[in-house]
Amino acid sequence: MKTSNTLSSSHVHYFQNRKGMTLAADVGGEPSGQPILLLHGGGQTRHSWRRTLDVLVQQGYYVISLDARGHGDSQWAPDSNYAMEELGNDLLDVVATLARKPVVIGASMGGLAGLLAIGLADPDVFHSLILVDIVPGLDPDGSQKVLDFLEARLDGFDNLEQVAEAVSAYNPNRPKPKDSSGLMKNLRYGDNGRLYWHWDPVFFAGSDAIHTPDFREHLYAICASISFPVLLIRGMSSDIVTDHSITELKKHVPHLQVFGVSKAGHMITGDQNDIFNEGILAFITQDALVD
Numbered sequence: 576m577k578t579s580n581t582l583s584s585s586h587v588h589y590f591q592n593r594k595g596m597t598l599a600a601d602v603g604g605e606p607s608g609q610p611i612l613l614l615h616g617g618g619q620t621r622h623s624w625r626r627t628l629d630v631l632v633q634q635g636y637y638v639i640s641l642d643a644r645g646h647g648d649s650q651w652a653p654d655s656n657y658a659m660e661e662l663g664n665d666l667l668d669v670v671a672t673l674a675r676k677p678v679v680i681g682a683s684m685g686g687l688a689g690l691l692a693i694g695l696a697d698p699d700v701f702h703s704l705i706l707v708d709i710v711p712g713l714d715p716d717g718s719q720k721v722l723d724f725l726e727a728r729l730d731g732f733d734n735l736e737q738v739a740e741a742v743s744a745y746n747p748n749r750p751k752p753k754d755s756s757g758l759m760k761n762l763r764y765g766d767n768g769r770l771y772w773h774w775d776p777v778f779f780a781g782s783d784a785i786h787t788p789d790f791r792e793h794l795y796a797i798c799a800s801i802s803f804p805v806l807l808i809r810g811m812s813s814d815i816v817t818d819h820s821i822t823e824l825k826k827h828v829p830h831l832q833v834f835g836v837s838k839a840g841h842m843i844t845g846d847q848n849d850i851f852n853e854g855i856l857a858f859i860t861q862d863a864l865v866d
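Quick note on the working numbering: the sequence shown kicks off at 576 and runs consecutively.
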């Protein structure tokens, strides 16, 4: 294991999956605490959870914020296998290192990975699950908008200002930060000196599969097997989760709880992080997380 200090309340830890791939994570808190796994969305990195990780560690939880394969500091798949089921397997490999069932908090792609992990293992593999602006019946137009943004600049950027302008164009309602240096955590330099997103450019090839009826019904079948607590956090300005999709999900998860965050789009932690943190803490403390 290699470690290095990155945040005031965490260090970097490198897990290995069943195929020997290296998966990077920020880890904070005492291992004796209730484990919480944070899974970022597609095209993001573990750094999107920075403030949430700090808050959870301060509350006494053992927190693992994982870079998905092909993202951030995790290894790119040698065989370019980025099937959603493989992300589920990676998650299960991390869960296998824990002494207790974790709370899993998955944003977008991370939430789908969490659901697929349940389908690949025991339905009670987690203590509880928080889906962050993601449902099986996601709106395909809203989802495609996200994918279009992620794939729009595979040729990279000349400088950080170009990146900031692209992000602001995608999130026009979010104030543009005075200092754009924080974006560097989501970027890498290519050999040609240009800036690229910090993920494997082939990652999203075949991503249309998440819009197929077969994939949706597979997720619903998994949802129907869940007996542990489930929370959906919805950005009220998001075009990914609709009222209809929530109604459909409740047919398969009758005990589903829903927390709506006003003035937040799909990237809830970037729009309303404090309210988001309040919502997850209220959920995970409601039953004292006793196994």
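By construction, these hints were calculated from the structure, which means they are not laboratory data. Treat the hints with care, as some may be off.
Straight-line Cα separation of at most 25 Å, SDA-like style, residue types lysine to any residue; simulated pairs [as the list claims (entries may be wrong)]:
#, residue 1, residue 2
1, K760, R791
2, K676, H586
3, K825, R791
4, K720, S703
5, K825, A857
6, K825, N852
7, K676, D697
8, K594, G608
9, K751, R626
10, K676, M659
11, K760, K676
12, K760, V742
13, K751, D730
14, K751, G717
15, K826, Q847
16, K825, G781
17, K838, M659
18, K760, Y745
Remember, it's a predicted structure, so these values are computed and weren't measured experimentally.
A quick look at each hint next to the structure:
For the proposed pair K760 and R791, the alpha carbon gap of about 32 Å is over 25 Å, so the pair is violated. For the hint linking K676 to H586, the alpha-carbon distance of about 22 Å falls within 25 Å, and the restraint holds. At roughly 14 Å between alpha-carbon atoms, K825 and R791 fall within 25 Å of each other, so this suggested pair holds. As the CA atoms of K720 and S703 are separated by approximately 30 Å, the hinted pair breaks the 25 Å bound.
Note on K825 and A857: the hinted pairing holds, with a Cα-Cα distance of about 20 Å set against a maximum of 25 Å. Taken as a hint, the K825 and N852 pair is honoured in the structure, with Cα atoms around 23 Å apart against an allowance of 25 Å. Distance check on the hinted pair: K676 and D697 sit about 11 Å apart at the alpha-carbon level, within 25 Å; holds. With a C-alpha separation of about 28 Å, the suggested pairing of K594 with G608 is violated against the 25 Å cut-off.
Only pairs whose Cα atoms come within 25 Å are accepted, and K751 paired with R626 is accepted, the gap being roughly 19 Å. For the proposed pair K676 and M659, the alpha carbon gap of about 22 Å is at most 25 Å, so the pair holds. A threshold of 25 Å between alpha carbons decides the hint, and for K760 with K676 the separation of about 30 Å lies outside it, so the pair is violated. Taking the CA atoms of K760 and V742, the gap is near 14 Å; set against the 25 Å cutoff, the hint holds.
Distance restraint check for K751 and D730: the Cα-Cα separation of roughly 23 Å lies within the 25 Å cut-off, and the hinted pair is therefore satisfied. Restraint check: the Cα-Cα separation between K751 and G717 comes to about 22 Å, which is no more than 25 Å; the hinted pair holds. Between K826 and Q847 the CA atoms are separated by roughly 29 Å; this puts the pair beyond 25 Å, and the hint is violated. The hinted pair formed by K825 and G781 fails the criterion: a straight-line CA distance of about 28 Å is larger than 25 Å.
Our distance criterion of 25 Å between C-alpha atoms is broken by K838 and M659, whose separation comes to about 30 Å. At most 25 Å may separate the alpha-carbon atoms for a hinted pair to count; K760 and Y745 meet this at roughly 18 Å.
The structure shown violates the earlier hints numbered 1, 4, 8, 11, 15, 16, 17.
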